[in-house]
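Student: Sequence:
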Amino acid sequence: MWVILNGYKESIPEKASIADVIHTQQEFDIHMIVELNHCYIHQKDYDTTFLTEGDVLELIHPAFGG
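First residue of the sequence shown? That's 9 in our numbering, and the numbers climb one at a time after it.
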């Protein structure tokens with residue numbers, strides 16, 4: 009199925025969870041923010057939140073500095 013991942017159309021397996029996508033993309037970061045269809049998803053819900061065709065998923069890495 010197709011989703012929009014960080015602004016790009018990506019093919020992912022059917023019944024993929026957010027955790028599956030993070031693992032496949034090797035994107036995990038303890039400070040990462042995940043947004044699904046413009047809604048924040050808490051880290052504890054990554055394993056139980058499943059994607060559907062056409063979802064918009066953003067994996068956001070905050071920039072730290074000073």
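Just so you know, the hints here were simulated from the structure itself, not pulled from any lab data.
Computed from a predicted model, the values in this text were never measured in an experiment.
Careful: at least some of the hints might be erroneous.
To be verified - Label pairs and their calculated CB-CB ranges:
1. 17 to 72: 27 to 33 Å
2. 17 to 53: 22 to 28 Å
3. 17 to 73: 30 to 36 Å
4. 40 to 60: 18 to 24 Å
5. 69 to 47: 17 to 23 Å
By construction, the Cβ of each residue, glycine as well, lies at the ideal position given by its N, Cα and C atoms.
Student: Work down the list of hints and note, for each, if the structure agrees.
Tutor: Results for each hint:
Our hint of 27 to 33 Å for residue 17 and residue 72 holds, since their Cβ atoms are close to 30 Å apart. At about 24 Å, the beta-carbon gap between residue 17 and residue 53 stays in the expected band of 22 to 28 Å. Range check, residue 17 to residue 73: about 31 Å between beta-carbon atoms, so the 30 to 36 Å window is met. One distance hint, 18 to 24 Å for the beta-carbon pair residue 40 and residue 60, holds here, with the actual separation near 21 Å.
Distance hint check for residue 69 and residue 47: the Cβ-Cβ separation is about 18 Å, which falls inside the suggested range of 17 to 23 Å.
Every hint from the earlier list agrees with this structure, and none is contradicted.
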